[in-house]
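Participant: Listed below, chain by chain, are the residues.
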Amino acid sequence: MATHATNEFRSGLRVMVEGEPCIMTDVEFVKPGKGQAFTRVKMRNIRTDRVWERTFKSGETLESADIQERDMEYLYEDGEFWHFMATDGSFEQLAAGEDAIGDTKKWLKEQEVYTVMLFNEAVVSVTAPNFIELEVAETDPGLKGDTAQGGSKPATLSTGAVVRVPLFIVTGEKLRIDTRTGEYVSRA
Amino acid sequence: MHNWQPGAALQNLQARQQLYRSIRDFFYRRGVLEVETPLLNQAPVADPNITPIQADGNRWLHTSPEYAMKRLLCAGSGDIYQICKVFRQGEAGRRHNPEFSMLEWYRVGWSLPQLMQEVAELLQLALAERYPELPVRSYSYRQALQEFAGLDVLSCSDHDIATLGRQLANADLELDRDGWLDVIMSHQVEPALPRNTLVFVDNFPASQAALAKILPQADGAAWAQRFEVFFNGMELANGYDELLDADIQRQRFARELAGTGRPCDERLLAALEQGLPDCSGVALGLDRLLLHATGADNIRQVISFDWYSA
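So the sequences go chain by chain: P and F.
Take 1 as the starting number for the first sequence in UniProt numbering and just add one per residue.
Take 1 as the starting number for the second sequence in UniProt numbering and just add one per residue.
Hints should not be assumed to be uniformly reliable.
Unchecked claim - Computed from the model, here is a short list of chain F residues facing chain P with C-beta under 10 Å: (1) ASP47; (2) GLY90; (3) ALA92; (4) ALA169; (5) GLU174; (6) LEU181; (7) ASP182; (8) VAL183; (9) MET185; (10) SER186; (11) PHE204; (12) ALA210; (13) ALA237.
Worth flagging that the hints you see were computed from the coordinates, not collected in a lab.
Cβ atoms here follow ideal geometry from the backbone N, Cα and C, with glycine treated the same way.
Work out the full structure: start from the sequences and follow the hints.
Facilitator: Next comes the structure, spelled out in structure tokens:
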């Protein structure tokens with residue numbers, strides 16, 4: 001496995017730190033004029049999603065982590081695993097467990113393409129596209145005349161997610177949702 | 001396609017011209033001689049924390065013009081200054097570029113407080129446009145650590161220092177006392193110093209003397225007669241009441257050079273034996289100064305082509 005010295009540290013580098021697979025998100029070189037040089041690194045543990053900071057002495061090395069990102073289409077759920085298929089023409093299938101799926105569960109829609117992150121070839125996380133189109137499964141009928149006030153009401157989507165929508169939205173409509181914030185964007 | 005574009009906007013290139021003009025004018029009016037010394041030298045820096053770039057034929061790019069300028073002082077140059085490029089291997093980041101511009105000057109017969117006063121005047125001039133009223137605060141190294149890290153460097157044990165250092169670094173870096181002090185200084189003290197203020201820190205631990213004198217102070221301890229200037233969490237300058245004693249300098253060089261494989265600057269030691277006049281000197285990072293003068297947030301924005309696009 002390749003190793004990386006502190007002078008190769010940069011945002012996006014994928015390394016093993018204290019046994020955990022991490023992606024560097026911010027790298028700062030620190031050096032007092034007449035002293036020891038350090039590299040301060042902010043990184044995200046891709047298994048726990050925890051962001052943490054650690055300082056390295058200049059010259060320290062880290063092993064690179066076998067972390068891959070793949071575009072994969074969601075197929076189905078079997079009660080224990082969620083199954084995805086590669087979109088690169090290989091038709092390769094991978095299964096993600098509950099821990100890996102996490103909050104993305106509420107944005108899962110068949111035939112939609114997700115970013116699947118693999119560590120040592122096992123799925124560790126699944127990220128939904130930034131925007132997704134989903135149908136309203138249930139919402140209270142709109143209250144007439146309130147549209148100008150820009151009021152909102154809850155709506156349950158086909159995936160089970162609940163989002164705040166404008167009062168004029170009715171059951172059966174397709175909506176565009178920002179999965180990062182969980183907010184309604186527009187009618188699709 | 002290669003990205004050929006400069007990292008600095010035209011107005012930042014103009015700001016550099018304006019800064020250099022005002023520095024040259026500042027020293028011209030004060031009768032300080034501008035000098036040039038070689039970039040490629042037969043003996044590199046001794047400081048083991050600074051890595052010089054070695055060129056062909058056993059020549060090293062200088063990491064500061066200090067050794068050569070001191071030889072000029074020994075030869076009777078009187079007050080001198082220099083604006084030059086210096087090179088430090090591996091020092092790249094938001095506030096570092098391995099090739100950077102330095103202003104270094106020496107005042108013969110001046111005490112450290114006199115030089116600190118002049119440094120403040122030069123910085124106030126350079127930053128006047130963005131910071132018309134720039135206050136100055138001074139701390140001893142001991143005071144700064146006490147006030148901003150809650151640690152008395154005189155009475156605390158190596159263990160106390162390492163414990164705080166490990167907590168700040170979030171790792172055991174296996175450092176000596178000075179190494180952990182560097183962690184505390186860079187991770188805790190520097191970011192906590194007063195903002196929009198020129199902050200001078202002086203009287204450093206004797207173990208961090210480099211090329212400065214070590215003298216006893218009112219608290220009964222001996223401190224290195226050095227100062228550093230910080231502005232908005234960033235170190236801008238580093239000054240010394242210069243060590244004159246050639247024998248002590250030879251001992252410090254021997255200790256620093258042990259195991260580095262670098263040759264000792266015998267020419268500097270020979271000059272010191274001849275006699276360095278009592279003087280104070282300071283080195284100031286011009287790219288960082290420009291960064292503050294222009295309001296940039298990355299050193300790349302004030303350098304035409306940084307390390308990665310050079």
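Participant: Indicate, hint by hint, whether the structure satisfies it.
Facilitator: Consistency of the hints with the structure:
1. At a threshold of 10 Å, the smallest CB-CB gap from ASP47 of chain F to chain P is about 7 Å, leaving the interface hint in force.
2. Given the 10 Å rule on beta carbons, the hint for GLY90 of chain F holds: about 5 Å separates it from the nearest Cβ of chain P.
3. This hint holds: ALA92 of chain F has a C-beta 6 Å from the nearest C-beta of chain P, less than the 10 Å allowed.
4. Interface hint status for ALA169 of chain F: upheld, as the beta-carbon distance to the closest one in chain P is roughly 4 Å, under 10 Å.
5. Taking 10 Å as the C-beta contact cut-off toward chain P, the hint placing GLU174 of chain F at the interface holds, the least distance being around 8 Å.
6. Annotation: interface hint on LEU181 of chain F holds; nearest CB of chain P at approximately 8 Å, less than 10 Å.
7. Proximity of ASP182 of chain F to chain P holds as hinted, the smallest CB-CB distance being about 4 Å (cut-off 10 Å).
8. For VAL183 of chain F, the interface hint holds, since its Cβ comes within 10 Å of a Cβ in chain P; the closest pair sits about 7 Å apart.
9. For MET185 of chain F, the interface hint holds, since its Cβ comes within 10 Å of a Cβ in chain P; the closest pair sits about 6 Å apart.
10. Interface hint at SER186 of chain F: satisfied, since its Cβ lies 5 Å from the closest Cβ of chain P, which is below the 10 Å cut-off.
11. Look at PHE204 of chain F: its Cβ gets to within about 8 Å of chain P, closer than 10 Å, so that hint holds up.
12. For the restraint placing ALA210 of chain F at the interface with chain P, the shortest Cβ-Cβ distance is roughly 5 Å, inside the 10 Å limit, so the hint holds.
13. Below 10 Å, beta-carbon pairs count as interface contacts, and ALA237 of chain F has one with chain P at about 8 Å; its hint therefore holds.
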